[in-house]
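Peer 1: Using the sequences and the hints given, assemble the complete structure.
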Amino acid sequence: MSIPRSEGASLERALSDALALLLQEASWLQKWRVEREVKAPQASWDLVASGPLPAGGKGVLCVECKGANFQPNQFSNLAERPCSAGKSAVSVRVLAMPRVSPRMASLCQQHRWSWYDLAGNCRLEIPGVLLIERSGRPPVKLESRSGANLGTPEAARVVRALLAPENAGRRWTQREMVGHFGDLAPAVPAPSLALVNKVVQHLRDQAFIESLPDRGFRVSDFEGLLQAWRQAYRFDRHVRRSYFTLLAAKALQEKLRSLDSPGSGRLAYAAYSAADVQAPTVRQPRTWLYVSLDFEQEFASAVDAKVVDSGENLVVLIPDDHGVFYRLDVSANRAPCTNAVQTYVDLLKAGGRGEEAAEAILSQRLKPAWTGAR
1413 MSIPRSEGAS
1423 LERALSDALA
1433 LLLQEASWLQ
1443 KWRVEREVKA
1453 PQASWDLVAS
1463 GPLPAGGKGV
1473 LCVECKGANF
1483 QPNQFSNLAE
1493 RPCSAGKSAV
1503 SVRVLAMPRV
1513 SPRMASLCQQ
1523 HRWSWYDLAG
1533 NCRLEIPGVL
1543 LIERSGRPPV
1553 KLESRSGANL
1563 GTPEAARVVR
1573 ALLAPENAGR
1583 RWTQREMVGH
1593 FGDLAPAVPA
1603 PSLALVNKVV
1613 QHLRDQAFIE
1623 SLPDRGFRVS
1633 DFEGLLQAWR
1643 QAYRFDRHVR
1653 RSYFTLLAAK
1663 ALQEKLRSLD
1673 SPGSGRLAYA
1683 AYSAADVQAP
1693 TVRQPRTWLY
1703 VSLDFEQEFA
1713 SAVDAKVVDS
1723 GENLVVLIPD
1733 DHGVFYRLDV
1743 SANRAPCTNA
1753 VQTYVDLLKA
1763 GGRGEEAAEA
1773 ILSQRLKPAW
1783 TGAR
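Here the working numbering = 1-based position in the sequence shown + 1412.
Hints were generated in silico from the structure; no laboratory data involved. The structure displayed is predicted, hence computed values, not measured ones. Hints should not be assumed to be uniformly reliable.
Listed next, the in silico PhoX-like pairs over lysine-lysine satisfying Cα-Cα at most 20 Å (straight line) [as the list claims (entries may be wrong)]:
{"id": "1", "residue 1": "LYS1499", "residue 2": "LYS1470"}
{"id": "2", "residue 1": "LYS1443", "residue 2": "LYS1553"}
{"id": "3", "residue 1": "LYS1718", "residue 2": "LYS1667"}
{"id": "4", "residue 1": "LYS1610", "residue 2": "LYS1662"}
{"id": "5", "residue 1": "LYS1470", "residue 2": "LYS1443"}
{"id": "6", "residue 1": "LYS1443", "residue 2": "LYS1478"}
Pair ranges (Cβ atoms, derived) [claimed, not checked]:
{"id": "7", "residue 1": "ASN1609", "residue 2": "VAL1502", "range": "43 to 49 Å"}
{"id": "8", "residue 1": "SER1604", "residue 2": "ARG1546", "range": "38 to 44 Å"}
{"id": "9", "residue 1": "ARG1627", "residue 2": "ASN1481", "range": "54 to 60 Å"}
{"id": "10", "residue 1": "ARG1646", "residue 2": "GLY1479", "range": "28 to 34 Å"}
{"id": "11", "residue 1": "ALA1597", "residue 2": "ILE1730", "range": "17 to 23 Å"}
{"id": "12", "residue 1": "ASP1648", "residue 2": "GLY1594", "range": "39 to 45 Å"}
Note that the Cβ used here is the ideal one computed from N, Cα and C, for glycine as well.
Peer 2: In structure tokens form, the structure reads like this:
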């Protein structure tokens, strides 16, 4: 299906028809009606669907129709609108749009709203009484809407700064964000002011950040932003090389510490090896490292490592962007580790028991910092 980005009666009719079809597909629901001419006490709603419930009583769906330009940061204006159902009836508030993004669906669930779209994807729930879920139906085709791609290296630099536990609760301006990168050691290239502006606007639209006085902003939904970034993050952009060394574990650790103990941005424990330091949960036999391209030869010589086709005990990642070295976890007793937020997204893409190890990073390192900042 393809529709224009238009508001008004035509969209309302289309959403009314889509809801009617969804209710018809639920064969256990009989004699349900969708009304477009809504009367009191639900007059503030665009559509109302109602009918008898299988266990007795009446169900009411109060539906708010929104066009494709409706953004997650606008949802709070609707969230507490009442849906009066009357005696012996149970009700639920429903958001209807041409396409409901995962972010919008998440907000609906957080606020106990149901939702559906023109393609028939939905989650319509009256708790304990009714649940209709549909997913995987191709969304309606809409004209593209400009927004930031969080999967690009430049945008990822901004997201890391916002999510790093060391920065939790920080108030930013766009110019401060750019200037922040000039103060880092090791150095990370600063994103342009134009790029920061684009990313900030996108994150504001998606209700991941909130505006503050004097052009300031700060993160309002850390976990939501993290999940959006993990979906966009491209681990496969890093070049992976398999190495083998005869150095025993302790000798290797000491050699790595001597190579880059100050955290100069040439080498860092990554993925599972970083997690072994930050939130040890999963044991595995390989050492995972980020090694900058211009340091790879020196690194391999220092640890007497050779590239192998199989039997690797060193996983070396050549980063596609120096941003992976943002705010390294540094200690005088070992080589540096990637920042906990970088460790988290890498683990999710590293295979094996990466999700389990990532969950430990989230619960032990990230959530406590974010919770303390609220």
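Peer 1: All hints are to be evaluated individually against the structure, with a verdict given for each.
Peer 2: Against the structure, the hints come out as follows:
no.: 1; hint: LYS1499 to LYS1470; in the structure: holds (9 Å)
no.: 2; hint: LYS1443 to LYS1553; in the structure: violated (32 Å)
no.: 3; hint: LYS1718 to LYS1667; in the structure: holds (16 Å)
no.: 4; hint: LYS1610 to LYS1662; in the structure: violated (46 Å)
no.: 5; hint: LYS1470 to LYS1443; in the structure: holds (11 Å)
no.: 6; hint: LYS1443 to LYS1478; in the structure: violated (26 Å)
no.: 7; hint: ASN1609 to VAL1502: 43 to 49 Å; in the structure: holds (46 Å)
no.: 8; hint: SER1604 to ARG1546: 38 to 44 Å; in the structure: holds (42 Å)
no.: 9; hint: ARG1627 to ASN1481: 54 to 60 Å; in the structure: violated (24 Å)
no.: 10; hint: ARG1646 to GLY1479: 28 to 34 Å; in the structure: holds (31 Å)
no.: 11; hint: ALA1597 to ILE1730: 17 to 23 Å; in the structure: holds (21 Å)
no.: 12; hint: ASP1648 to GLY1594: 39 to 45 Å; in the structure: violated (30 Å)
Checked against the numbered hints given earlier, the structure breaks hints 2, 4, 6, 9, 12 and satisfies all the rest.
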